[in-house]
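Asks: Starting from the given sequences, assemble the full structure and let the hints guide the process.
For reference, the chains in residue letters:
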Amino acid sequence: MATQPASIERAPRPARLPRAAVPGWRREQQRSFALGLIPALLVLVAITLGPTIYLIITSLTPLDPVHPHSATDFSDPAGNYRALIADARFLNSLWVQMKLSVATVAAQLAIGLGVALLLNAGSRFLEAVRTAFILPMVLPPIVVAVVWKVIFTPDVSPVHRMLAAIGLPVHSLIADPAMALWAIAVADTWEWFPFTMLMALAALQMIPGEPIDAARIDGAGRLALFRYILFPYLRPTLVVAGLFRLIDSIKAFPLIYVLTNGGPGTATEVTNYYAFVESFNFSYWGYGSAIATLMVAGVLLLSWIIGHLGQGAERDE
Amino acid sequence: MAVLGRRLRRRQFLQAGAATAGALILPGRAPAQAGSKPLSGITLNIACWSSPYAKLLSDYVPQFQEATGAKVNYETPSFPIYNQRTDVELSTGGSSYDVLNVTFIYIGRWIGAGWFVPLDGYLKDPQKTPADWEPDDFLPGATAAFKNPAGRLYAIPWTADIYMGGAARYDLFEKAGKPMPDTFDELADTMKAVHMKDGVPGFLPENHYGWSFIPFLQGYGGNVFRDPPEDLTPVLDTPEAIAAAEFFAKLLHDYGPDGAISYTYEQVVATLKAGRANYSPNGQIFLVQMGAKDSKVANTCNFSMCPAGPKGRFPGVATHGWGIPTGSKNKDAAWQFITWALSKPLIRQMVAERGYSSITRRSLIDSPEFKGKLTVNGHDIVKIYLDTIELGTRGYMKYRTIYVYPQVDKQIDIAIQNIASGQMSAAQAMRQAQQNSLAELQRAGIKL
Numbered sequence: 022m023a024t025q026p027a028s029i030e031r032a033p034r035p036a037r038l039p040r041a042a043v044p045g046w047r048r049e050q051q052r053s054f055a056l057g058l059i060p061a062l063l064v065l066v067a068i069t070l071g072p073t074i075y076l077i078i079t080s081l082t083p084l085d086p087v088h089p090h091s092a093t094d095f096s097d098p099a100g101n102y103r104a105l106i107a108d109a110r111f112l113n114s115l116w117v118q119m120k121l122s123v124a125t126v127a128a129q130l131a132i133g134l135g136v137a138l139l140l141n142a143g144s145r146f147l148e149a150v151r152t153a154f155i156l157p158m159v160l161p162p163i164v165v166a167v168v169w170k171v172i173f174t175p176d177v178s179p180v181h182r183m184l185a186a187i188g189l190p191v192h193s194l195i196a197d198p199a200m201a202l203w204a205i206a207v208a209d210t211w212e213w214f215p216f217t218m219l220m221a222l223a224a225l226q227m228i229p230g231e232p233i234d235a236a237r238i239d240g241a242g243r244l245a246l247f248r249y250i251l252f253p254y255l256r257p258t259l260v261v262a263g264l265f266r267l268i269d270s271i272k273a274f275p276l277i278y279v280l281t282n283g284g285p286g287t288a289t290e291v292t293n294y295y296a297f298v299e300s301f302n303f304s305y306w307g308y309g310s311a312i313a314t315l316m317v318a319g320v321l322l323l324s325w326i327i328g329h330l331g332q333g334a335e336r337d338e
Numbered sequence: 309m310a311v312l313g314r315r316l317r318r319r320q321f322l323q324a325g326a327a328t329a330g331a332l333i334l335p336g337r338a339p340a341q342a343g344s345k346p347l348s349g350i351t352l353n354i355a356c357w358s359s360p361y362a363k364l365l366s367d368y369v370p371q372f373q374e375a376t377g378a379k380v381n382y383e384t385p386s387f388p389i390y391n392q393r394t395d396v397e398l399s400t401g402g403s404s405y406d407v408l409n410v411t412f413i414y415i416g417r418w419i420g421a422g423w424f425v426p427l428d429g430y431l432k433d434p435q436k437t438p439a440d441w442e443p444d445d446f447l448p449g450a451t452a453a454f455k456n457p458a459g460r461l462y463a464i465p466w467t468a469d470i471y472m473g474g475a476a477r478y479d480l481f482e483k484a485g486k487p488m489p490d491t492f493d494e495l496a497d498t499m500k501a502v503h504m505k506d507g508v509p510g511f512l513p514e515n516h517y518g519w520s521f522i523p524f525l526q527g528y529g530g531n532v533f534r535d536p537p538e539d540l541t542p543v544l545d546t547p548e549a550i551a552a553a554e555f556f557a558k559l560l561h562d563y564g565p566d567g568a569i570s571y572t573y574e575q576v577v578a579t580l581k582a583g584r585a586n587y588s589p590n591g592q593i594f595l596v597q598m599g600a601k602d603s604k605v606a607n608t609c610n611f612s613m614c615p616a617g618p619k620g621r622f623p624g625v626a627t628h629g630w631g632i633p634t635g636s637k638n639k640d641a642a643w644q645f646i647t648w649a650l651s652k653p654l655i656r657q658m659v660a661e662r663g664y665s666s667i668t669r670r671s672l673i674d675s676p677e678f679k680g681k682l683t684v685n686g687h688d689i690v691k692i693y694l695d696t697i698e699l700g701t702r703g704y705m706k707y708r709t710i711y712v713y714p715q716v717d718k719q720i721d722i723a724i725q726n727i728a729s730g731q732m733s734a735a736q737a738m739r740q741a742q743q744n745s746l747a748e749l750q751r752a753g754i755k756l
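From first to last, the protein sequence lines stand for chains A and F. Start counting the first sequence at 22; every next residue gets the next number (our numbering). Start counting the second sequence at 309; every next residue gets the next number (our numbering).
One should not assume that every hint holds.
To be verified - Straight line, CA to CA, 30 Å or less: simulated DSS-like cross-link-like pairs of lysine-lysine:
1) F/432 x F/637
2) F/604 x A/170
3) F/436 x A/170
4) F/455 x F/706
5) F/601 x F/483
6) F/604 x F/486
7) F/691 x F/604
8) F/639 x A/170
9) F/601 x F/639
10) F/639 x F/455
11) F/363 x A/170
12) F/436 x F/363
13) A/170 x F/455
14) F/558 x F/505
15) F/558 x F/619
16) F/601 x F/691
17) F/652 x A/170
The set of hints was computed from the structure by calculation and includes no laboratory data.
Replies: Here it is in structure tokens:
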């Protein structure tokens, strides 16, 4: 099994020319290109970095719109962050967030990959099935939330009624503190596994036939074929898909808002939702901004770590 | 003849409504000249939370548009979404809306911050408010809530909602030999007797416990703040508060439907109307819908005052009102909308045609039309309504207009959920609510 996936072979990086060796007209051309890029970069900075910088600045104030002067009160810039460290509800929200993210990303990768492997063949029937699987992903998130609200409300749920009819009654999952988070994870997985499925399917269809044929001739079974041929090709794609889903899981909102409102108690209150409550229920915009700033930092750190792991995986291959 | 009579009444109402609108729009001129459409070209953006009144009013807004020529964009999002959106809109000085509902629990915050314009000037100006509009006709208790300490009025109440008890399947009470409960003990006893009879769960309040639990808290002798508005120290961990939380959460846990803590006010109404839950302590504006034509329990429902606890009876009295945000660019037109929406002819029409039950004009509360409509399944709700409003004048609702109440309200929601779902004991949950409320109030800069 020495076959190397073609897609992860790296071309040698071209050697950088010494500055003196670059012709003058080329330097002039590069300068012109850079000047031409400046307006676009300025717009980019204004619409992406600008709000982020404002968020960070706001997090250094006790901004509450009832007291407009608090927007420029920098007398205790670390106050919000100090309070967050001692805020049990914030710390609980991080733990809830971690459980939800790990569960949903793992489930979506596993189910998405499994379904992609099943659907990786050319037939009109399978194409139709693929289209059907994509439906949850293209529904507006609030519609998905309402669908699952009905499913999880025993009083009106066809699933609960069916289970009760066959002698397997199930209590309300979203009102059970031990189950509510997992109920949300199920709904989130239903909504987003098609994304990982599509990514994996696209990667599967890019794999050349030769190494697979060679492995089969060598007597590789299905499991060995997956482990030594398909998975190495798929791994970079799965890392990227996982990264996307991880970042998205941290932004989870509609399902929690509609299904549990963060409850029972604070059993499903993720960090994102807690920031929303502090900002928009209580109008502590400074405090909410501090939570959001920490979330941005966390997402950036996670992206860097996973990106790094992905590159490491490529090098290992 | 009955049909003809109904048509005539409807026509009379429409004529009266158009005449009032005309009189308001063109003061001093004959109503017949109202066809000049004085608000042509003006667009009014109006929002209220999705209360039964707000939804009813949307059906009548075309009348206002027809009479005035104004274009009206009218929104009714759900209660939490409305409040969050409006809070952001007002706090950023936005000018997106011309008429907004002043939500009861946000009165202190929104009016205190100066985000609404005082209406006294409009009320005193005969060019803008005709004498027969009678501002003094509104219930003084409801109007008082919208006044600042200086006595200036910032909103006109469109509802005086009272907290009462409603049974969807009173026939099951009768079979069990139980009357409508008048005390907490009777309530617990009755719920035990009727729970799951005919497959119907006994007890279902809405999961906004900062509203539905407070009459129990106060009935046990507890309160939200020590002495509002002077002393805003939360008192959620007192023995009385813990006993009340334990009692209420037990009712929810033992006699509620599966997943009771996830039921919003709209779900509660739908469930009661379908006969899938029996008794609910809630606002009368919601409970009277059990008598609606599309209700399966119209012939079995019954009503009573909020039960009394060991320390007395403390039914919630809530009011909401129409106000004009300071950012509005069409303030005069906005006032015309408010005067139209709360004019006697229109309110009378809404009562007669749609059974609107939560009115704030005393002259209409005393009218035969209103009394007729508020007799549901043979039960007189007007008496409950007036008696409860009278109780509300004792001042126990002061906690609700404190500008930081929304923060504490959320802690109460969480505490009751924690107890009812078995995550914490009543003592633990209420102590946590107390600590978190203290932290939130200190974050708001309140010295305790």
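Asks: Which hints from the list above does the structure break, by number from lowest to highest?
Replies: 3, 8, 9, 13 and 17
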